[in-house]
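Protein chains in written order, with this note's numbering: chain G, 9 to 306; chain S, 30 to 234; chain V, 30 to 234.
FYI, nobody ran anything at the bench for these hints, they're computed from the structure.
All values derive from a computational prediction rather than experimental measurement.
Even for Gly, the Cβ is constructed at its ideal location relative to N, Cα and C.
There could be a bad hint or two in this list.
Away from chain V, derived, C-beta distances all over 12 Å, residues of chain G [stated by the list, open to error]:
1) E109
2) A219
3) F230
4) N242
Straight-line Cα separation of at most 20 Å, SDA-like style, residue types lysine to any residue; simulated pairs [claimed, not checked]:
5) K163/G with G119/S
6) K159/G with T178/V
7) K131/V with S153/G
8) K77/G with L67/G
9) K131/V with G212/G
10) K231/G with P205/G
11) K231/G with A252/G
12) K131/V with V180/V
13) K159/G with E162/S
14) K163/G with E162/S
15) K163/G with V145/S
16) K163/G with R143/S
17) K184/S with P195/S
18) K77/G with L90/G
19) K131/V with H121/G
20) K163/G with V152/G
21) K77/G with L124/G
22) K77/G with E98/G
23) K77/G with Y102/G
24) K77/G with R106/G
25) K77/G with A208/V
26) K184/S with S153/G
27) K131/V with L193/V
28) K131/V with A208/V
29) K159/G with S173/V
30) K163/G with L193/V
31) K184/S with E162/S
32) K163/G with G164/V
33) K131/V with L90/G
34) K163/G with P195/S
If you only want the chain V side, here are some residues facing chain G, beta carbon under 8 Å, derived [stated by the list, open to error]:
35) V45
36) Y77
37) I86
38) G87
39) G91
40) A99
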Amino acid sequence: MGYEVQTPAFEGPFDLLLHLILKQEVDLWEISLAPIIDEYITRVAELERVDLDVATEFLLIAATLVELKARRLLPAPEPIDLDEELARWEERDYLLARLLECKTFQDAAHAIHERLTLASHTFARLAGPEHPFCLLSPDPLEQVSLVQLAKAAAKGLTPRPDLTVRTDADHITVARVSVREAIEAVLALLPAREPVPFRDLVRGVSSKIEAIVRFLACLELFKQGMIDLDQCDNFGDLQVRMLAPGESAELDLESLAEWGDEEAAPALAAAEHEEQEHAHEHEFVAVPASWPVTVMPS
Amino acid sequence: MIDRSITAAVEAILLVATEPVEPGVLAQLVEVPRATVEDACAQLVSEYSHDERGFTIGRVAGGYRFQTDATQAPYVERFVLEGQTARLSGPALETLAIVAYKQPISRAQLSAIRGVNVDATLRTLVQRGYVEESGHEPTPGNPSLFSTTSVFLEKLGIDSLTDLPPLADFIPDAHVVEALERGLRIPVAAAASNGAADSTGDGSD
Amino acid sequence: MIDRSITAAVEAILLVATEPVEPGVLAQLVEVPRATVEDACAQLVSEYSHDERGFTIGRVAGGYRFQTDATQAPYVERFVLEGQTARLSGPALETLAIVAYKQPISRAQLSAIRGVNVDATLRTLVQRGYVEESGHEPTPGNPSLFSTTSVFLEKLGIDSLTDLPPLADFIPDAHVVEALERGLRIPVAAAASNGAADSTGDGSD
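The shape of chain G in the complex, shown without the other chains (with noise of 0.2 Å):
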């Protein structure tokens, strides 16, 4: 048996910790490891750039994790060494009080929010001085500086991230975009066998969605045989290189129903707009078991 870990789009860890041992009341030893972390892979693929420290930690965490189970999975050594049990109950204290504090936090965060709703019910008054004050003030103009009035600018054509929630689902935009029709844009864009980065095959597209499903896209031609993925460096460009008639498959398309697409999308597009607090449940992303979800460096 064994507990199933679907995966839905936690902000890492801690998130998916807390979940599991709160929420599903599941015991860290059911618990099959290997989905946490390549949950964790593939966010750290679809990062442009990996924070150190923050995958350090996670690092450190799976580690412990793992041990903890390891231990629990083997049959106790008869006598027990007194520094070796000490060093394992800090390990655990160590991700206890990580628990405890991103707990705290999120506890934190639920009130804030309270207030920011209740406080949005009041509206300040903003209209100023009538008519005539308003041309006694002094011209606010002449407070700005040019520097200022550039840095204004700048701030208001930086791209802002969208990562605000809707207040219900029916807000969000969901982007359709089959997985099909992802692969028949990689293979437009495949050259007979030149290799080509992963990156020029997401060029120009329009958002992370279909970056994403781009990717799938490519791995499911290269689970079919239809192309070769190579990475030759840690966190260098994932090459991607069509496969001669010769040596590749056909593409099956029958097999990319079980992508299921009207499912798949929407359910990738909601992880992207971030999940809203209660809808964990549907934001699985519907990966088929038997996928090779991580690309390692040959």
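Starting from the known structure of chain G, arrange chains S and V on it as the hints suggest.
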């Protein structure tokens, strides 16, 4: 006597309004006849006066608005003169700056860039004389295009728009091109030749 | 009871203000002690509430301001079409909470607590005006430190950071700690001391 729920709604709406609100609009919002709105306002005026409030409701330009009571003018003048109200709010300054760098620009383009409705801010800027309607876009509906005025240049102490510091100096690298593209209209001929590559000179044309 | 001339002056000034006015500034303008201003505002708040007015005086971000009464929100929202609907996402809220309680705080410290990279969420918060760069850490590389802004206080409708509920209120209670401990329990020691008593989790693997 008008019901409290009606006067309270009228008070709340007038409090947040930045321009006089027509009785018809108030009537629609509060879902009562226009005459009721007018009675409500009259009643409020008399209550405020009876309670010796520092404000009243005035009827100007066909609408109602909150205004200070004439007896309090000395205090209001002092407050306004000290410049407490004179700062351009962050959003207003950003909108003005975007007009400066992206002119001529339509209301819709501004709203798209700012991510919010800019009507109120734009009105303030026009009232202040910093921004003016400078033409119309040759698209359906002929939306107005806005540009900065010579008053704007004067206040900033510069001769022409070319004296504005290049925007590229203030935008983090990765965002420059995208930011510049966002604000760009597609003036048919220019876009074809320059595209977005022309980053620094953008403010000047 | 505060004299009518004082309350009226306070009302008039607050009516024309576009940002919360500090009690000290009001005191200076009206030429009364600060405490009198505070009493006057408290008195006005209770009068407005008694009279069922659609507005009140709020104390936010260190000052007083006129604001609509929460009960009138439906009417006001109808009028102010651009509802302030853009909600913060869960992750953004959590990051905001950490900044609020741990400020000033660096990006790295934030990431460490959240367990994920916070660049994007932090950028949203800065752009929304909730958070700003407030200084630099005196360590190699001088990383930026972030703090909440007065906009944050205004949006929360609180006067100062001390009005935030104490963080201690959110420290997980015993049953959460217990659940986490259970989730992370180290079975070996238990197995050694208790023998076979601990049998629940074993079968699953």
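Evaluation of the provided hints:
For E109/G, the shortest C-beta to C-beta distance to chain V comes to about 6 Å, within the 12 Å cut-off, and the non-interface label is violated. Annotated as non-interface, A219/G keeps its C-beta farther than 12 Å from every C-beta of chain V; the closest such distance is 15 Å. Distance check for F230/G against chain V: the nearest CB is about 28 Å away, which clears 12 Å, and the non-interface claim stands. At roughly 17 Å from the closest C-beta of chain V, the C-beta of N242/G stays outside 12 Å, upholding its exclusion from the interface.
Distance hint between K163/G and G119/S is fulfilled; the C-alpha atoms sit about 10 Å from each other, no more than 20 Å. Only pairs whose Cα atoms come within 20 Å are accepted, and K159/G paired with T178/V is accepted, the gap being roughly 18 Å. Taken as a hint, the K131/V and S153/G pair is broken in the structure, with Cα atoms around 33 Å apart against an allowance of 20 Å. As the CA atoms of K77/G and L67/G are separated by approximately 15 Å, the hinted pair is consistent with the 20 Å bound.
Of the pairs offered as hints, the one joining K131/V and G212/G is violated, with about 40 Å between alpha carbons and a cut-off of 20 Å exceeded. Taken as a hint, the K231/G and P205/G pair is honoured in the structure, with Cα atoms around 18 Å apart against an allowance of 20 Å. Between K231/G and A252/G, the direct Cα distance comes to roughly 16 Å. Compliance with the 20 Å bound is thereby established for this hinted pair. Of the pairs offered as hints, the one joining K131/V and V180/V holds, with about 18 Å between alpha carbons and a cut-off of 20 Å not exceeded.
For the hint pairing K159/G with E162/S, the CA-to-CA distance comes to about 24 Å; that exceeds 20 Å, so the pair is violated. Distance check on the hinted pair: K163/G and E162/S sit about 24 Å apart at the alpha-carbon level, beyond 20 Å; violated. Taken as a hint, the K163/G and V145/S pair is honoured in the structure, with Cα atoms around 14 Å apart against an allowance of 20 Å. Pair hint K163/G plus R143/S holds up; C-alpha atoms about 10 Å apart against a cutoff of 20 Å.
This hinted pair checks out: K184/S and P195/S have alpha carbons roughly 19 Å apart, not beyond 20 Å. Proposed proximity of K77/G and L90/G is supported: the alpha carbons are some 19 Å apart, at most 20 Å. Under the criterion of a C-alpha separation no larger than 20 Å, the hint pairing K131/V with H121/G is consistent with the structure, at around 17 Å. A distance of roughly 15 Å separates the Cα atoms of K163/G and V152/G; the hinted pair therefore holds under the 20 Å criterion.
Taken as a hint, the K77/G and L124/G pair is broken in the structure, with Cα atoms around 41 Å apart against an allowance of 20 Å. For the hint linking K77/G to E98/G, the alpha-carbon distance of about 15 Å falls within 20 Å, and the restraint holds. In summary, the hint linking K77/G to Y102/G is supported, as the alpha carbons are separated by about 16 Å, within the 20 Å threshold. Restraint check for K77/G and R106/G: satisfied, since their Cα atoms lie roughly 18 Å apart, inside the 20 Å limit.
Using a Cα cut-off of 20 Å, the hinted pair K77/G and A208/V holds, with the two alpha carbons roughly 17 Å apart. For a cut-off of 20 Å, the pair hint linking K184/S to S153/G stands: about 10 Å separates their Cα positions. Using a Cα cut-off of 20 Å, the hinted pair K131/V and L193/V holds, with the two alpha carbons roughly 12 Å apart. Annotation: proposed proximity of K131/V to A208/V is violated, straight-line Cα distance about 26 Å (limit 20 Å).
Among the hinted pairs, K159/G with S173/V is consistent with the structure: their alpha-carbon atoms are about 18 Å apart, no more than 20 Å. With a CA separation close to 29 Å, the supplied pair K163/G and L193/V exceeds the 20 Å bound. For the suggested pair K184/S and E162/S, the alpha carbons sit about 19 Å apart, so the restraint of at most 20 Å is met. A C-alpha spacing of about 19 Å is found between K163/G and G164/V, which places the hinted pair at or below 20 Å, so the restraint holds.
For the hint linking K131/V to L90/G, the alpha-carbon distance of about 37 Å lies beyond 20 Å, and the restraint is violated. About 14 Å separates the Cα atoms of K163/G and P195/S, which keeps this hinted pair within 20 Å; it holds. A hinted interface residue such as V45/V counts as satisfied when its beta carbon comes closer than 8 Å to some beta carbon of chain G; here the least separation is about 4 Å, so the hint holds. Against a cut-off of 8 Å between C-beta atoms, the interface hint on Y77/V is violated, since the closest Cβ of chain G lies about 13 Å away.
This hint is violated: I86/V has a C-beta 10 Å from the nearest C-beta of chain G, more than the 8 Å allowed. The interface hint given for G87/V holds, since its Cβ lies 7 Å from the closest Cβ of chain G, which is under the 8 Å cut-off. For G91/V, the shortest C-beta to C-beta distance to chain G is roughly 14 Å, which exceeds 8 Å, and the interface hint is violated. Here the hint on A99/V is kept, as its CB sits about 4 Å from the closest CB of chain G, short of 8 Å.
When each numbered hint is compared with the structure, violations occur for hints 1, 7, 9, 13, 14, 21, 28, 30, 33, 36, 37, 39.
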